[in-house]
Amino acid sequence: MPERSPGRRVVITGLGAVSSVGIGVEAFTAAIRAGASGISPIQSFDTTGFPYVRAGEVHDFEPRDILLNLDPGQWGRSSLLAAAASRLAVRDAGIDPAVLARSRAGSVMGTTSGESVVLQELSEQWVGDGLKSLDPSLVAQLPASRIAAAVNSELLLTGDALTIPTACSASNYALGHAFDLVRSGEADVMLAGGADAVNRLTHAGFYQLGAMAEETPRPFDTNREGILAGEGGAALLLEPLDDALDRGARIYAEVLGSWANCDAHHMVHPDSGSIAECIRAAHEAAGVTPGQIDYVCAHGTGTPTNDATEVQAVREVFGDRLPPVSSIKSMIGHTMGAASGFGAVICCKAIEEGFLPPTANVVEVDPALGPGLDPVPGKARPARVDIVQNHGFAFGGNNVITILGRVS
Amino acid sequence: MTTAQAPAQPLARAATAVRPLVITGHGVVSAAGLGLGPLGELLAAGGPGHTGPQGDDAADYPPRAVRTVPDFKAADHLGRKGTRHLDRLTGLGLVACKQALDGLGASGAAVTDADSRRTGVVMATSTGSIQSLSELARDTLVQDAPYMVNPSRFPNTVMNCCAGQIAIRNGLRGLNATVAGGRLSGLFAFRHARVALSQGRAERLLVGGTEELSAPAAWAWHRTGVLREQAAVGEGSAVFMVEDAERAAGRGHTALAELLACEVGFYGATAERHSLATGLAECVERALVRSRVAVEEITTVALGATHHVGLDRVEELAVESALGGLPGAVRIAEALGETYSAAGAFQVAAVLAQWHRDPAPSGSVRTALITSVGQDGNAGALVLRDVAGH
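Top to bottom, those sequences are chains G and Y. Just so you know, we're using my numbering here: the first sequence kicks off at 1 and counts up by one. Just so you know, we're using my numbering here: the second sequence kicks off at 1 and counts up by one.
In case anyone wonders, no lab produced these hints; they're calculated from the structure. Being a predicted model, the structure only gives us computed values, none of them experimental. Heads up, some of the hints might be wrong.
Facing chain Y, from chain G, some residues (calculated, C-beta under 10 Å) [claimed, not checked]:
id, residue
1, S113
2, K132
3, S133
4, D135
5, L142
6, A260
7, N261
Anything over 12 Å on all C-beta distances counts as not near chain G; from chain Y, calculated [to be verified]:
id, residue
8, G40
9, A44
10, A45
11, G46
12, F72
13, G103
14, R313
15, L317
16, S321
17, D358
Backbone N, C-alpha and C define an ideal beta-carbon position, used for all residues, glycine too.
Turn these sequences into a full structure, and let the hints guide you.
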């Protein structure tokens, strides 16, 4: 079991979001609080022949509006989403970009499908004129590692530029690793988060696995059908508490602890016992007890399997007194590698502004999920929130839990 | 080239000495064959490993040299159960891990059920299985309906598939990471393991990299023009069991080599103050300082960017500027081809294979520097020390 390691206290002082419900953390938060929907008919690829045609695309993302240093023509969509979210997080943190560039600063970015839109274009070239026609400049944009490289290039950072392709828990993993780099003194500022883009292959795959909803994601609802894919970029700026205090920064939350484990059981079926173990270990790492958790930001994909497994795992740890458990995927879809990054962003705002993020589209909470489950249906509810628990699970059995808390 | 412009305070802070880690197990699947022995022989002989495309799409390769793992079938090593839908990348990684774990059994350091929660995986890959990804992406365009991708193969398209399968096959329930840093991926895996172990996130980690060749991957390399005309592209997997040196000694685990500092940096085209070469030289200098190793102690340099247009020169210039030369240079690319995400792990394997083949004279301590640099701006250096001499 984890021991609480000594080291510097680490806080989150900047937030960036490029999402289907809003660009910038204020627009994103206002939309989430209102229970808005970012789901719409897919525009980014031809959906002819697909039975289901909806996703959470970011239609109004214009990279040039946000990015100062990257040439959008040289980078894939996931990289641009991550770099834009990171640029917004730096602005939000109020750090002078020139000072940041001279600091020991870097980025850790999570992703599920990497540069999936680039892959889609390359596969079209393959089908069109054969492998010998692959565009070299597109090939250069394909590696997933480009996502963190884009963040460092945009912000002129010279520290670690690491992409974590640990599928749909990746940005929670990235947050945990960035936390370790800062608290251990390996880095002084880190951008952590993730990015993914809506694409044809992921859409086909979710559909073929029988995991996709036709119209609307409804986590925790009796009539939930499954996932709708989403996209976006989420970023959080981490620095030592002492540095944040010295510069008079607004502090959203402290990273109290995190834990990662692996089901080692099945590639796509989650395991509640293993998730419960991960939650307990995260509590221990953070030095908190279940009774102190005010809110759980669920993985909450809206598939019958995920929600039942997740609620069961939470019950194993919390017993009969469940904290509110909600899923923002009900509004932005499953943004994959960015999902738990968006979760962490809204957790920070929940602590700062005092609200419980909602699960939109819930008509009737599934009684099969058991008594006492409060998914905060519809719209956000005002509440004092001091300590939150953010979930991320993934194909491959990769579970990651982070615990964030108010700095008083 | 100089590192004098670097700000003084960050360097001073970064200079904290690292706790030594140790390698206690190894698995290698390469164009030289299985294990460290054949790799050591191949490097000593100086020729190429196995050449010639493998697999169903062998006829579709570009006119470009390759180094491949000959006649590789995962089922030959792992049994038929559960191997039907595995792609080549995951198969190579699984077999390298099996070797590493089987070797531990012989030395009494096997992973028991009780250890399984504290034993994890850090696997380097920057694109995942290009074969799985490209074939399934192609299926969405050429099948009767665009959703007709094989649901049994779809999970192979996530980049953590290999690490997840390693955990499943071997019951490893601890931290499970997949790391992508382009050509630096392998060094990032070692650096990630160092940070994770130091923060108490695991007791032991299988750390390495894996890459597969296929016609789409070979064409992608061929089309980019980043490799010299005669350069080969390669594949394979190298994996090491890594743990804290002191704890390993306490448990009676036999160390094969010590892993010291692994320092990385990003020096993209827009970074001020640093060219890629000065950036790499700084990483080397920092890695030596944090390893408490003097320049004169380096007996081997394992280079990663060999055969990359321009980049090979950047790497050699940087190392020469930091060390004053290229002592005992090992260039794995001739034997194994360009192995991208797996290159860092193969560079470590190559040094271990040499040390294994030619034991050190008693009393002497051999120390290696492993360097890596990528077109994307990533650069890094790792220090490895032989334990045979002391």
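If any of the earlier hints don't hold here, list their numbers in rising order.
-> none
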